[in-house]
Amino acid sequence: MSTTGPHPAISCFHCGLSCAEDAPAIDEKRFCCEGCRTVYRLLQDARLGSYYARDAAPGARPTLTDRSRFAYLDLPETVAALLEYQDERQARVTLSVPGIHCASCVWLLENLYRLDAGIVRSTANLATRHLTILFDHRRITLRGVVELLARIGYEPDIRLAALGQKAGRSPAWKLYARLGVAGFGFANVMLFSLPEYFSAGQISEGGLSTTFRFASLVLAIPVLLYAAQDYFRSAWASLRQRMINLDVPLALGIGMLFARSAFDVLFDVGPGYFDSLTGLVFFLLAGRVFQQKTFAHLSFDRDYRSYFPISCLRRDGACDTTVSIAGLRSGDRIVVRHQELIPADSILVFGEAHIDYSFVTGESVPRQVAAGQRVYAGGRQTGGAIELEVIRPVAQSNLVSLWSSDQFVQARAGARRSIADRIGQYFTFAVLLIAAGTAAAWAMIDPDRLPHAVTSVLVVACPCALALARPFVFGTAVRIWGDQRLFVRAADVVEAMAEVDEIIFDKTGTLTQAQGQRVAYEGEALTDKERELVAAVARQSTHPLSRRVAATAAVGALTPVTHFEEVPGHGISGEVDGHTVRLGTRDWASFGNAMREGREANSDASGQVVHVGFDHRRRGVYVFSAAYREGLDGVLAELRGRYQLAVLTGDTRAEDERLRALFGDEVALRSHQSPHDKLDYVTVRQQAGHQVMMVGDGLNDAGALRAARVGIAVSEDSAAFAPASDGVLEAGALMRLPRFLRMAQRARGVVYLSFVVSLVYNVIGLSFAASGHLSPLVSAILMPVSSVTVVMLATVATRWVARREGLA
Amino acid sequence: MSVVILLLFASVLVAAGFLVAFLWAVRRGQYDDLTTPSVRILFDDTHTHQAAQEPPRPTGES
Numbered sequence: 001m002s003t004t005g006p007h008p009a010i011s012c013f014h015c016g017l018s019c020a021e022d023a024p025a026i027d028e029k030r031f032c033c034e035g036c037r038t039v040y041r042l043l044q045d046a047r048l049g050s051y052y053a054r055d056a057a058p059g060a061r062p063t064l065t066d067r068s069r070f071a072y073l074d075l076p077e078t079v080a081a082l083l084e085y086q087d088e089r090q091a092r093v094t095l096s097v098p099g100i101h102c103a104s105c106v107w108l109l110e111n112l113y114r115l116d117a118g119i120v121r122s123t124a125n126l127a128t129r130h131l132t133i134l135f136d137h138r139r140i141t142l143r144g145v146v147e148l149l150a151r152i153g154y155e156p157d158i159r160l161a162a163l164g165q166k167a168g169r170s171p172a173w174k175l176y177a178r179l180g181v182a183g184f185g186f187a188n189v190m191l192f193s194l195p196e197y198f199s200a201g202q203i204s205e206g207g208l209s210t211t212f213r214f215a216s217l218v219l220a221i222p223v224l225l226y227a228a229q230d231y232f233r234s235a236w237a238s239l240r241q242r243m244i245n246l247d248v249p250l251a252l253g254i255g256m257l258f259a260r261s262a263f264d265v266l267f268d269v270g271p272g273y274f275d276s277l278t279g280l281v282f283f284l285l286a287g288r289v290f291q292q293k294t295f296a297h298l299s300f301d302r303d304y305r306s307y308f309p310i311s312c313l314r315r316d317g318a319c320d321t322t323v324s325i326a327g328l329r330s331g332d333r334i335v336v337r338h339q340e341l342i343p344a345d346s347i348l349v350f351g352e353a354h355i356d357y358s359f360v361t362g363e364s365v366p367r368q369v370a371a372g373q374r375v376y377a378g379g380r381q382t383g384g385a386i387e388l389e390v391i392r393p394v395a396q397s398n399l400v401s402l403w404s405s406d407q408f409v410q411a412r413a414g415a416r417r418s419i420a421d422r423i424g425q426y427f428t429f430a431v432l433l434i435a436a437g438t439a440a441a442w443a444m445i446d447p448d449r450l451p452h453a454v455t456s457v458l459v460v461a462c463p464c465a466l467a468l469a470r471p472f473v474f475g476t477a478v479r480i481w482g483d484q485r486l487f488v489r490a491a492d493v494v495e496a497m498a499e500v501d502e503i504i505f506d507k508t509g510t511l512t513q514a515q516g517q518r519v520a521y522e523g524e525a526l527t528d529k530e531r532e533l534v535a536a537v538a539r540q541s542t543h544p545l546s547r548r549v550a551a552t553a554a555v556g557a558l559t560p561v562t563h564f565e566e567v568p569g570h571g572i573s574g575e576v577d578g579h580t581v582r583l584g585t586r587d588w589a590s591f592g593n594a595m596r597e598g599r600e601a602n603s604d605a606s607g608q609v610v611h612v613g614f615d616h617r618r619r620g621v622y623v624f625s626a627a628y629r630e631g632l633d634g635v636l637a638e639l640r641g642r643y644q645l646a647v648l649t650g651d652t653r654a655e656d657e658r659l660r661a662l663f664g665d666e667v668a669l670r671s672h673q674s675p676h677d678k679l680d681y682v683t684v685r686q687q688a689g690h691q692v693m694m695v696g697d698g699l700n701d702a703g704a705l706r707a708a709r710v711g712i713a714v715s716e717d718s719a720a721f722a723p724a725s726d727g728v729l730e731a732g733a734l735m736r737l738p739r740f741l742r743m744a745q746r747a748r749g750v751v752y753l754s755f756v757v758s759l760v761y762n763v764i765g766l767s768f769a770a771s772g773h774l775s776p777l778v779s780a781i782l783m784p785v786s787s788v789t790v791v792m793l794a795t796v797a798t799r800w801v802a803r804r805e806g807l808a
Numbered sequence: 809m810s811v812v813i814l815l816l817f818a819s820v821l822v823a824a825g826f827l828v829a830f831l832w833a834v835r836r837g838q839y840d841d842l843t844t845p846s847v848r849i850l851f852d853d854t855h856t857h858q859a860a861q862e863p864p865r866p867t868g869e870s
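As given, the protein sequences belong to chains A and B, one line each in that order.
The first sequence begins at 1 in my numbering and counts up one residue at a time.
The second sequence begins at 809 in my numbering and counts up one residue at a time.
In isolation and in its complexed conformation, chain B is listed as follows:
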């Protein structure tokens, strides 16, 4: 019996992990642009020139 309860909390914990990942992705702006990445993936050459330092992204509440 207790093993079912253990399982229950394990499963909720896993689901919560996915929820947190989803919320993180939404807040990072991964859902802002759903069109361009599908195009970008077709470019064969890679960006060689990268910024040394990332300036902070706006994580603004609107």
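Chain A on its own, in the form it takes in the complex:
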């Protein structure tokens, strides 16, 4: 059965995308393309049909590309770099598969062995989107495994950067282990301390009391040496750089707690403060665990190697061999095919090159290059295969130099000190001052009690609550933002965002969106009948522009097309209803006699164009111009007064007026910006004392993103593409940017408030300590009470702030 006529509600059974009316069908199920249907059939044959039972349309449209793309997976060095383990029978590999997103995916990928007998077992990780496959390498090669995945729509993302650094265990497990040890110590020491509390330090049976004390001492040793070692390391590292961060007074406090308690117990002076010590370390580590909410499926450290292919085709005499691009030398001849990236700066030797430099410059119109001219790494060839001669190896090419430029390294190295560290500095001096004052006072009053009072001061002044406020406030903010589709690398980014005073936007791909371009037709008007014919021809092609033309022009029924032909780099043509219709470049659509024609006013503006020709004559042109993201005007209206704004674009000035209307007159507009220019601009503004936030798409502004105080990459799909940055903002959430910024500032306010609260506790504690009255009981009450109130204040207040901004 097949339905006729337009039926917009049909969506593909496999991937959920909308289908054309003439979509291929099986078992009354419709599919958007042949690829999806093939996957469906494959799964049915392997009796894996329940894939579709869990989630509706769970699949991803498989990419139908040239199989030779995976030829590099036959190279022994690539295989060796990718495999984690290999013996004479089996091999194991962990691949990053961005397509993993639901329970169905996990189910299918863990049943891979039913599709190929060579696969022994596969384990998917939904959080990190990794797939670990154990396979019998005598029955299936690594290339075979990858091809199988690509065939069912889960193409792994194998990048140059991934080679050589195998998926290792995250260092997070160490933190969990430390928390475990601290928790063990804390719980048991508390158990031993309770009798002391309730008997007010007077346990009648002396031997029991001593046993409890020594047991506490023993339990505190692993807490001090293992669980708390990060604080000592950090304090030591900061002292060696002649700086004082918050870990210095913390380490001082922890060390003093232990020394004083050990002394008390060994010389039978008192029970010591082991309960406070272990509790303190436990709460601090809990704060770290809370802060460490990272988005495991995103990578914030990708560099140019993530975008480049792993291998390319080198022409040696008559035959082509696949080589890894790291092995390319100047003078090598390479072949680059349709839609492939140019791996190194080269000179065009042979072929017709239309290079799309949108990756490098942001300009979306492909540039034609003549033989003998230079092409730069990062450009994408559209059209047929071309032959190039490499003039500079990959590592020295123009684009790659962006990541190694001096400016960039300097910008990164500049120390970013957090508020806690700045406060920690004053705090340490204040504590030392009070300790010195206490010592001086007791030296005059009663020298015997001097050591007791001074150590008490150092013990109680330990800025535990101070250190807890920040991780809990910013950790909460990071969690809430993640739900709202802003993923930040670490909690520090929240703090940095609160300090931003200038926002620089990249235009293409950030303010404008790739999909949903505006379409306008210019030239001799087409009748409805003619538009129908244009649509009929355009529908034959899978090129994105053809699809858009088809969608714009479509009216009524389908007319059969004959003699359809697609010429890469030029356009498409077909015969329909007795007319020859051509869509494509100006030359192509005018059937080769374009020279003497008048030009339309706007046809070479920033957008892309598709010319339309009927029967040997060009009729007009479809102009696709970038559409600004929805809700952008509202966002900018909010940001305008509060931040200095700037827009950088690789494009022409054509859009200046529209940008001024959106951004207001104060905005700094810069066009024709190369990636290096963008980096320069950000660096200059930062050196002028501004705290810059760069918002870009992460392609041609990667350097600027990383040089800025905060670099946020806007991405249509955070799972598929997460460039090097401090945070990834899903395009749909761009309109929430002002709210994120305001929440960052409010969250900083909450941190300050928590600091005040914890200082009050410190003053109370200090007054006990300096007067020589700090008993273990006071410390044991004060310490957890201050920690718990600060933690509660931090989380509750941050959630309240988020709710007020409408983010929770």
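FYI, nobody ran anything at the bench for these hints, they're computed from the structure.
Nothing here was measured: the structure is a model prediction, and the numbers come from that model.
A virtual CB, placed ideally from N, CA and C, is assigned to each residue, including glycine.
Careful: at least some of the hints might be erroneous.
Claimed, not checked - Pairwise CB distance ranges, derived in the manner of DEER restraints: (1) A/L433 / B/L814: 46 to 52 Å; (2) B/R848 / A/L17: 26 to 32 Å; (3) B/A829 / A/L194: 24 to 30 Å; (4) B/A824 / A/R138: 43 to 49 Å; (5) A/P451 / B/S819: 33 to 39 Å; (6) B/A829 / A/L208: 25 to 31 Å.
Unchecked claim - To be clear about the criterion: a stretch of chain A counts as covered by chain B if any three or more of its residues have a C-beta under 8 Å from a C-beta of chain B, and this derived list gives those stretches: (7) 101-107; (8) 117-126; (9) 174-185; (10) 208-216.
Position chain B against the provided structure of chain A, taking the given hints into account.
Using the frame of chain A, we list chain B on its own:
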């Protein structure tokens, strides 16, 4: 009195047992992925095809 001390060491021993179990679980990677198992448990059919031999897991220090 001595019975309290006995109890004390027994309780610490039990707690230490749990600590060791926890550390073992962390090192075995059971805390690496907290999302997928919650999904996997819903699959009704069992894996029938198991590897005869387990290759060693990476117990790498990072």
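Against the structure, the hints:
For the pair A/L433 and B/L814, the supplied restraint of 46 to 52 Å holds, since their beta-carbon distance comes to about 49 Å. Under the hint 26 to 32 Å, the C-beta atoms of B/R848 and A/L17, about 28 Å apart, fit the expected range. As the Cβ distance of B/A829 to A/L194 is approximately 25 Å, the hint placing it in 24 to 30 Å holds. The beta-carbon spacing between B/A824 and A/R138, approximately 46 Å, falls within the hinted interval of 43 to 49 Å.
Between A/P451 and B/S819 the C-beta distance comes to about 35 Å, which sits within the given range of 33 to 39 Å. Distance hint check for B/A829 and A/L208: the Cβ-Cβ separation is about 30 Å, which falls inside the suggested range of 25 to 31 Å. Counting residues of the region 101-107 of chain A whose beta carbon lies closer than 8 Å to any beta carbon of chain B gives 3, which reaches the threshold of three, so the coverage claim holds. For the region 117-126 of chain A, the stated coverage by chain B holds: 5 residues have a C-beta nearer than 8 Å to a C-beta of that chain, and at least 3 were required.
Counting residues of the region 174-185 of chain A whose beta-carbon sits less than 8 Å from any beta-carbon of chain B gives 6, enough to reach three: the coverage restraint holds. For a cut-off of 8 Å, the count of residues in the region 208-216 of chain A with a CB near a CB of chain B stands at 4, and the three-residue condition holds.
In summary, this structure violates none of the numbered hints.
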